[in-house]
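Build out the structure end to end from the sequences listed, making use of the hints.
Note that the protein sequences, when read in sequence, are chains V and U. Taking our numbering, I'd label the letters of the first sequence as residues 1 to 518. Taking our numbering, I'd label the letters of the second sequence as residues 1 to 310.
Watch out, some of these pointers could steer you wrong.
With a Cα cut of at most 27 Å, we get these calculated DSSO-like pairs of lysine-lysine [what the hints assert, rightly or not]: (1) U/K168 <-> V/K127; (2) V/K412 <-> U/K304; (3) U/K168 <-> V/K90; (4) V/K128 <-> U/K168; (5) V/K325 <-> V/K360; (6) V/K325 <-> V/K286; (7) V/K360 <-> U/K304.
Please keep in mind that the hints were generated in silico from the structure rather than gathered at the bench.
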Amino acid sequence: MTEKKTLPSGHSQILQMEMHGITKRFPGVVANFKVDFDVRAGEVHALLGENGAGKSTLMKVLYGMYQPDEGQIKLDGTPVTIHSPVDSIKQGIGMIHQHFMLVESLTVAENVALGMPSTRGPLTDLKKVSARIYELAEIYGLRVDPDAYVWQLAVGQQQRVEIIKALYRGAALLILDEPTAVLTPQEVDEFFVTMRQMVTDGHALIFISHKLHEVLDISNRVSVLRDGEMIGTIPTQGATKTQLAEMMVGRPLGEIKIRQQSKTSQTRLVLQDVCSQSDRGTPALKNVSFEVCAGEILGVAGVSGNGQKELAEVITGMRPVTSGKIILDTQDVTGKSPKVLMGRSLSYIPEERMRDGMIKEFTVAENLILREHDQMPFSRRGFLDLKAISEHSEGLIQDYNVKTPSLETTVKSLSGGNIQKLVLAREISRRPHTLIAAQPTRGLDIGATEYVHHRLLEQREAGTATLLISEDLDEIMALSDRIAVIFEGEIMGVVPRDQATAEQIGLLMAGVAETAAK
Amino acid sequence: MIDQLFTEAVLVGILASGIRLATPYLYASIGETLSQRSGVLNLGVEGQMLLGAFTAFYITFTTGNLWLGVLAAMFVGLLMGLAMAFVTINLQAEQGISGIGFYLFGLGMSDLLFQKMLGTVATVSGFRPIHIPWLSDLPIIGKILFSQNILVYGAYLLVAVTWFVLNKTTLGLKIKAVGESPQAADSLGVSVSRIRYLTVSVGGMLSGLAGASLSIALLNVFQQNMTSGLGFIAVALVYFGGWRPFAVMGGALLFSMVNSLQLWVQVLNIPIPSDFAVMMPYVLTIIALVITVQRVRPPSALTKPFERGH
Numbered sequence: 001m002t003e004k005k006t007l008p009s010g011h012s013q014i015l016q017m018e019m020h021g022i023t024k025r026f027p028g029v030v031a032n033f034k035v036d037f038d039v040r041a042g043e044v045h046a047l048l049g050e051n052g053a054g055k056s057t058l059m060k061v062l063y064g065m066y067q068p069d070e071g072q073i074k075l076d077g078t079p080v081t082i083h084s085p086v087d088s089i090k091q092g093i094g095m096i097h098q099h100f101m102l103v104e105s106l107t108v109a110e111n112v113a114l115g116m117p118s119t120r121g122p123l124t125d126l127k128k129v130s131a132r133i134y135e136l137a138e139i140y141g142l143r144v145d146p147d148a149y150v151w152q153l154a155v156g157q158q159q160r161v162e163i164i165k166a167l168y169r170g171a172a173l174l175i176l177d178e179p180t181a182v183l184t185p186q187e188v189d190e191f192f193v194t195m196r197q198m199v200t201d202g203h204a205l206i207f208i209s210h211k212l213h214e215v216l217d218i219s220n221r222v223s224v225l226r227d228g229e230m231i232g233t234i235p236t237q238g239a240t241k242t243q244l245a246e247m248m249v250g251r252p253l254g255e256i257k258i259r260q261q262s263k264t265s266q267t268r269l270v271l272q273d274v275c276s277q278s279d280r281g282t283p284a285l286k287n288v289s290f291e292v293c294a295g296e297i298l299g300v301a302g303v304s305g306n307g308q309k310e311l312a313e314v315i316t317g318m319r320p321v322t323s324g325k326i327i328l329d330t331q332d333v334t335g336k337s338p339k340v341l342m343g344r345s346l347s348y349i350p351e352e353r354m355r356d357g358m359i360k361e362f363t364v365a366e367n368l369i370l371r372e373h374d375q376m377p378f379s380r381r382g383f384l385d386l387k388a389i390s391e392h393s394e395g396l397i398q399d400y401n402v403k404t405p406s407l408e409t410t411v412k413s414l415s416g417g418n419i420q421k422l423v424l425a426r427e428i429s430r431r432p433h434t435l436i437a438a439q440p441t442r443g444l445d446i447g448a449t450e451y452v453h454h455r456l457l458e459q460r461e462a463g464t465a466t467l468l469i470s471e472d473l474d475e476i477m478a479l480s481d482r483i484a485v486i487f488e489g490e491i492m493g494v495v496p497r498d499q500a501t502a503e504q505i506g507l508l509m510a511g512v513a514e515t516a517a518k
Numbered sequence: 001m002i003d004q005l006f007t008e009a010v011l012v013g014i015l016a017s018g019i020r021l022a023t024p025y026l027y028a029s030i031g032e033t034l035s036q037r038s039g040v041l042n043l044g045v046e047g048q049m050l051l052g053a054f055t056a057f058y059i060t061f062t063t064g065n066l067w068l069g070v071l072a073a074m075f076v077g078l079l080m081g082l083a084m085a086f087v088t089i090n091l092q093a094e095q096g097i098s099g100i101g102f103y104l105f106g107l108g109m110s111d112l113l114f115q116k117m118l119g120t121v122a123t124v125s126g127f128r129p130i131h132i133p134w135l136s137d138l139p140i141i142g143k144i145l146f147s148q149n150i151l152v153y154g155a156y157l158l159v160a161v162t163w164f165v166l167n168k169t170t171l172g173l174k175i176k177a178v179g180e181s182p183q184a185a186d187s188l189g190v191s192v193s194r195i196r197y198l199t200v201s202v203g204g205m206l207s208g209l210a211g212a213s214l215s216i217a218l219l220n221v222f223q224q225n226m227t228s229g230l231g232f233i234a235v236a237l238v239y240f241g242g243w244r245p246f247a248v249m250g251g252a253l254l255f256s257m258v259n260s261l262q263l264w265v266q267v268l269n270i271p272i273p274s275d276f277a278v279m280m281p282y283v284l285t286i287i288a289l290v291i292t293v294q295r296v297r298p299p300s301a302l303t304k305p306f307e308r309g310h
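Structural data, given as structure tokens:
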């Protein structure tokens, strides 16, 4: 074994971390089954897998948030027991969570100091902490202002705070849980520079992702988990996207092919200078204008929290418009209620499917008729026609391939993919003229994502005008005919798909307006 | 008639009793501030105060020792706080409902104990104003600020101490973090339940003390339901003050000053129907709450039980 070096942060290295035969069971599920995994100093080891494959569980075991039922963790050859995050931090393991673990109402320095012993005993030593933050920022090229409040920071900056927090605690091994999910392509590049720097300095990094091109770009080795089991570990050099995708899903994947646009020029949805406010009363949408035509998918790309939620809500009548006009099929529908809009053939696949899309305590059948429950044939003079309802639901469940024990099963007990299929069934089977799809594949596994994409493209063929709001740039690029980019509530530009490049979209997502564009 | 209010003696009286009347509100609402800052809404304050008031009174009545009364009241409040902590933290019960449960328990229990152990309304000789050399002799100011009993000074000192703890100590940082983002705190090895246990039981202890300040320093009697909503006002004051100790103190003072004013209005027989006079502080509280509450954001995790991995 090589000599242990001291890291630039002043802490000692972890040369090798090994997990042997990790099994973790939850009531009714085996999340990890005899999983072996290891990482060495000076490498990025990528951990790939679909949602629910057991990546997070495995990492939470390593970070001490879960206790394994079986198996062993070794650091530099010595078996260790990690009871809690406190233990793992002491051992030099840090974790950057997918959802940042920051207290927004506190400053950067306060967040870094939280939970650490202070040099002034019971009093906080924020000045010292700030000095150390500057020091670490210098060494690793992570610029942050220790006195800024976290809520003031952009997502990319918040991530830097997370990394500094881990380094401050002496992390030699860092677990990065989907760190790129919230970043623009340029921010990802910047982040990768930091990662490479850390690897060169002798840190060990575990990189969790389901974006194959990123994994191929940054890692030295890749391990793939599927259904809680380790499928294999391979060197990144020589690996291909197709190979990794097949390891993840367990079968070859279909390619998304976009056929030529059916040239109907009929405009279905028009937004003219629409402005709206966020829940906090700040401007959320600023003079948003665009149109969506029949038979096309307009993708709205953007980093999370730039007005996407408000945009979907404004169009579907769930949030008031402060100024501007919304026109649906040539009629002004500004300020109309969701019920009126529904009557005008507008369908909505909401971002929060469990909150806005379904009533989780209701049964499958009840959820499927939520929209039309008070209309013929489901309801006659105020009474529900149960026979008509179950026939209708039975048909949809077959058409949309929903796996449910029965029509009477409550929706909350179904998987995310099946719930989304129910939403699609309800919204699409009405043959909408206009469809608003907000983050339609968020949190779904590859199979379900494929299904949703297939259905959306089918609607496009059928002549539906679709507005696809997504934070997944790959999805936007794959499905859209045109791409609108939203930044801080403004549409930065609308680009036809065949002329768009990831770099160009990325710049727009970061708020850099196109000066060269015609 | 109304000009009777504007004599020096009356104005000094109003201000001095306003300062004094704020005492129970301060203890209770500062305790509640701590508890809410860590994410626990304790609606049982009123019940904790009632039991504290009875305990303080009974112990003082039987032993003649005021400080023993204070300690006993704090101890009973602490027990109530620990019970509230157990129910909301370990059992993850809905905080609002459990709080109401503890209120009703305190109300019934203090009444029962009163019936069984005292039977009739009695009085004790409570804490007396302290004469501070030089300061107490200052004109006007001396009478308003420096002729109060020890529990009054303690209450204002508590405000400053709490401000200091919340803003200058590692403990305060942990309390705020646990109330805003328990997940983040947990991921850094801060024990969410330990911090909440601490704040909720200290909150209970201070509510007990608030009760004592009522029964052996302010009124020197114990009666059934003698707090009559004071504990709930204290909860409202926390919202009014936006969870900041000094702003909470401002609210308590405003409320008590108006209260003191209406008492003097009654004493001086100024012809305003007494029902309206009594209503004044409450109406004011509602108006003040409506104006202020919208602009301050409560701790994000307030009323939300914490469970790891959710």
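Against the structure, the hints come out as follows:
A C-alpha spacing of about 12 Å is found between U/K168 and V/K127, which places the hinted pair at or below 27 Å, so the restraint holds. A hinted pair counts as satisfied when its Cα atoms are at most 27 Å apart, and V/K412 with U/K304 qualifies at roughly 21 Å. The straight-line distance between the Cα atoms of U/K168 and V/K90 is roughly 25 Å, inside the 27 Å bound, and the hint therefore holds. Straight-line distance between C-alpha atoms of V/K128 and U/K168 comes to about 14 Å, which keeps the hinted pair within the 27 Å bound.
At most 27 Å may separate the alpha-carbon atoms for a hinted pair to count; V/K325 and V/K360 exceed this at roughly 34 Å. Restraint check: the Cα-Cα separation between V/K325 and V/K286 comes to about 13 Å, which is no more than 27 Å; the hinted pair holds. Taking the CA atoms of V/K360 and U/K304, the gap is near 20 Å; set against the 27 Å cutoff, the hint holds.
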